[in-house]
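Engineer: Now for the letters of each chain:
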Amino acid sequence: MRYPKRIGRLSVPGRKVQLATAAMLVATTVAACGGQDDGAKASAPKAPATIPELTKDPLTLSFIWFDWPPAHALEAFANAEYKKERPNATIKVNTVPNANWHDAIFTQFAAHKTDFDIPILDSQHIGEAVTNGNILDITDFVKTNIDVKAYNPYLLAAYGQFPQAETGKRDENASLYGLPLLGDTWTMIYRKDLIGDKPPQTWDQMISVAEKCQTDHPGVSGLAFHQANGSDAAAVTYNTVNGVYGGNLWDSKTRKIDGVLNDTAGQEAMDVLVNKMKPLTAKGSGNWFIDEVNAAVAQGKACIAFNWIAASGGLLDPKQSTLGTTREQILDKLGFATLPSQKTNLVPLGGMGMHVSAYSSKTNQAEALNFMKWFERADIQKKWAAAGGVPSRKDALESPEFLNAGPFNQVYTDSVPRMRDMWNVPEYARLVDIENTNVNAALNGAKKPKDALDDIAKEQQGVLDSGSRKGGGGL
Amino acid sequence: MSDPAPLTTDHPGQAASATPPAPGRSRRLSDRGLAVAFISPALLLLLAMSVFPLLWALYLSFTDYSATRGGPAHFIWFENYTAILTSAQVHLRALTTLIYVFGAVTLQTVLGFAIAYLISRRTHGRGLLTTLFLVPMMLSPVVVGLFWRFMLDAQFGVINSMLGSLGLGQVEWLTRQRTALISLIVVDTWQWTPFIMLIALAGLTAVPKYLYEAASIDRASEWFRFRTITLPLVWPLLLIAVLFRAIEAFRLFDLVYILTSGGPGVSTETLSFHVYKVAFLGFNTGTASAYGILMVLIVIVLTQLYLRYLNKLKED
Chain Z
1 MRYPKRIGRL SVPGRKVQLA TAAMLVATTV AACGGQDDGA KASAPKAPAT
51 IPELTKDPLT LSFIWFDWPP AHALEAFANA EYKKERPNAT IKVNTVPNAN
101 WHDAIFTQFA AHKTDFDIPI LDSQHIGEAV TNGNILDITD FVKTNIDVKA
151 YNPYLLAAYG QFPQAETGKR DENASLYGLP LLGDTWTMIY RKDLIGDKPP
201 QTWDQMISVA EKCQTDHPGV SGLAFHQANG SDAAAVTYNT VNGVYGGNLW
251 DSKTRKIDGV LNDTAGQEAM DVLVNKMKPL TAKGSGNWFI DEVNAAVAQG
301 KACIAFNWIA ASGGLLDPKQ STLGTTREQI LDKLGFATLP SQKTNLVPLG
351 GMGMHVSAYS SKTNQAEALN FMKWFERADI QKKWAAAGGV PSRKDALESP
401 EFLNAGPFNQ VYTDSVPRMR DMWNVPEYAR LVDIENTNVN AALNGAKKPK
451 DALDDIAKEQ QGVLDSGSRK GGGGL
Chain R
1001 MSDPAPLTTD HPGQAASATP PAPGRSRRLS DRGLAVAFIS PALLLLLAMS
1051 VFPLLWALYL SFTDYSATRG GPAHFIWFEN YTAILTSAQV HLRALTTLIY
1101 VFGAVTLQTV LGFAIAYLIS RRTHGRGLLT TLFLVPMMLS PVVVGLFWRF
1151 MLDAQFGVIN SMLGSLGLGQ VEWLTRQRTA LISLIVVDTW QWTPFIMLIA
1201 LAGLTAVPKY LYEAASIDRA SEWFRFRTIT LPLVWPLLLI AVLFRAIEAF
1251 RLFDLVYILT SGGPGVSTET LSFHVYKVAF LGFNTGTASA YGILMVLIVI
1301 VLTQLYLRYL NKLKED
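So the sequence lines, in the order shown, correspond to chains Z and R.
Residue numbering for the first sequence follows this note's numbering, starting at 1 and increasing by one per position.
Residue numbering for the second sequence follows this note's numbering, starting at 1001 and increasing by one per position.
No lab work stands behind these hints, which were simulated from the structure alone.
Some hints here could point you the wrong way.
[Stated by the list, open to error] Chain Z side only, calculated, beta carbon under 8 Å to chain R, not exhaustive: (1) 108; (2) 110; (3) 228; (4) 284; (5) 286; (6) 427; (7) 430; (8) 444; (9) 447; (10) 471; (11) 475.
A quick note: this is a predicted structure, and the numbers were derived from the prediction, not measured.
Positions of the beta carbon are idealized from the N, C-alpha and C atoms, including for glycine.
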């Protein structure tokens, strides 16, 4: 006999399944809610003043950086040299595309679990990492193990100190969260065979020389520089011109951007960039960054170009260049110089520091501290310079190992006293995105220069002032 | 003489239960229990990977939580939703997304149907042609984005090189406001027209041949046959393909990321790309969750309206 099935009531196994599902959802939610307490601390944990006992077991010390020649140079150099002192340690430099660099590091920080021990952060990322407690406070460790007087104080501050160093002076009382790994700034690359051996000295002179070169040599553009809206490309370009023409990015004491960035000097800088420099670039160069600028130089398509020194090594490789079949032939045509000055002689600060992940194991944190102490030694800094790195110790910067390693290294040494960084605040990623997209829009005709600059100032001010806002953060 | 086996049974599964259980099988494990045991791994996976994250995102959307800043999540109720719906930045991205979806899906539908119609009229090599046309659809969007980026490069790209050999000037495909969005639409169309073509082809081959035979006896013109037989019969299937493509296009992220990074300025930033920036540049997890939930709601509501229209079409 068949019984009619009751409607509206599940069978016992069905109810059990539903109950189990609900219980699992509640349990997972509670577990996830509970996990948030881990992040309640808002300051960086402290590293020990002395290096703890190191393991004798095989160990891999992992870095994370973006994919460019210095990353590969570091892995090769560290495995060759550090292994001499720590044979059980292997150095692995994991790389990600430049555009994913910040996200790749901070998404792991958000998970409170990292597959790297030493994140290589851009100098402006330190604020975000410190306030979120993602990297170790190494102030005590530095006091005990590092000769801070050996460094240019601004470089030590730029790559490790938070809050940011103002006016290029290191605050002796501020905490340190990192140590210099690779210094960098822009170099002016110019065609000696097209514009002569002597590089232009002022920004206005540079523009007129580029204009003449472009007119005299059809098919070669007067200028090549970063304009892309990814990473910090277009933003660094505007900030450089802004600095040279006497502008300021903000008033750090009052946290005021609107009215400072877009003052008369700022407007003039934007006008120079969009109306005088942009017409001298190649058509369609509005999305160029490091590689594209290097390609234009290597193919003989630019009279004057600007690029990061650490990324310029490939220009001397005959396999990648149409300017000559040997390094000497290429150097007959290419010259490297410090940036021209105008109202000021400021140049952009590039480069990065080493930090220790707060989520790395104690064993690896100890190894990371030992590596940093080793890396900052005078003899190792000179070896790093000879291997293609850009050191931050004063003795290494003046050493023949560094100055003879590349034709642009003297440019770096000469540029160090002229450096200016961006805002080293936790909101950096959003500030730079606002500037990047608006400068890129102005360079590509999507916005008028004045409107773009006013929009940058207004939107960036909104980000700095949004601390008390409750909803819609990030829009 | 053995007993005759039952010819029918109310529950097919009961026929099996008449046989003795297999050795080792627990007597307490009923058929239903067995069914639950089999589906529970998939069910658990679905709950853990889809249902829970969705519910969690829904919860976070009512808070000011940030994944990197940590700390407790404070309830701010609908403030994220209000901020998103009233944001001029969001409106701008919504308009860009709308233009993109409309442009790309319209172009794909016209081209996809045209190609399918032409292929369906061939008797030889139809399989080979269909396979060749499907190749773009099988590629990863990142790969497609990268090689189109090279091809569209204003200085070194093959497209401008071809235009130059025809005596035409250089076009800044990816760095001008209008051409950048058009480039995105063209690349998406190149990749996804085969999808529409495939579904249209299935519809075209399912049209009964006797209808065409009857029409040719009546000496109906080619256009009349297309308008009164082909299109009405394929139309419902085509609309389903359009629905799938529109949902996919609405979520566009990868091509924008590779080809234009949303530029020049933010002129090719779609809603998905903007959500990514909100979520990962400032790690505003609460806002990004609300943004994502709103996008899901929009898709659900529009899909429901569309399906109702489809049902109405079917009833008519």
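Engineer: Decide, hint by hint, whether the structure agrees.
Structural biologist: To see whether the hints hold, each was checked on the structure:
Given hint, residue 108(Z) at the interface with chain R, is violated; its Cβ is 10 Å from that chain's nearest Cβ, farther than 8 Å. Restraint check, residue 110(Z) versus chain R: the minimum CB separation of about 4 Å is within 8 Å; hint holds. Against a cut-off of 8 Å between C-beta atoms, the interface hint on residue 228(Z) holds, since the closest Cβ of chain R lies about 7 Å away. Because the beta carbon of residue 284(Z) sits about 2 Å from the nearest beta carbon in chain R, less than 8 Å, this interface hint is met.
With its C-beta approaching chain R no nearer than about 3 Å, residue 286(Z) sits inside the 8 Å limit, and its interface hint holds. Proximity of residue 427(Z) to chain R holds as hinted, the smallest CB-CB distance being about 7 Å (cut-off 8 Å). Contact between residue 430(Z) and chain R, as hinted, is supported at the beta carbon level, the nearest pair being about 5 Å apart and thus within 8 Å. For the restraint placing residue 444(Z) at the interface with chain R, the shortest Cβ-Cβ distance is roughly 4 Å, inside the 8 Å limit, so the hint holds.
Interface restraint check: residue 447(Z) against chain R, minimum CB-CB distance 6 Å, threshold 8 Å, status holds. For residue 471(Z), the suggested interface contact is upheld, since its CB lies about 3 Å from the closest CB of chain R, less than 8 Å. This hint holds: residue 475(Z) has a C-beta 5 Å from the nearest C-beta of chain R, less than the 8 Å allowed.
When the structure is compared with the earlier hints, a violation turns up for hint 1 alone.
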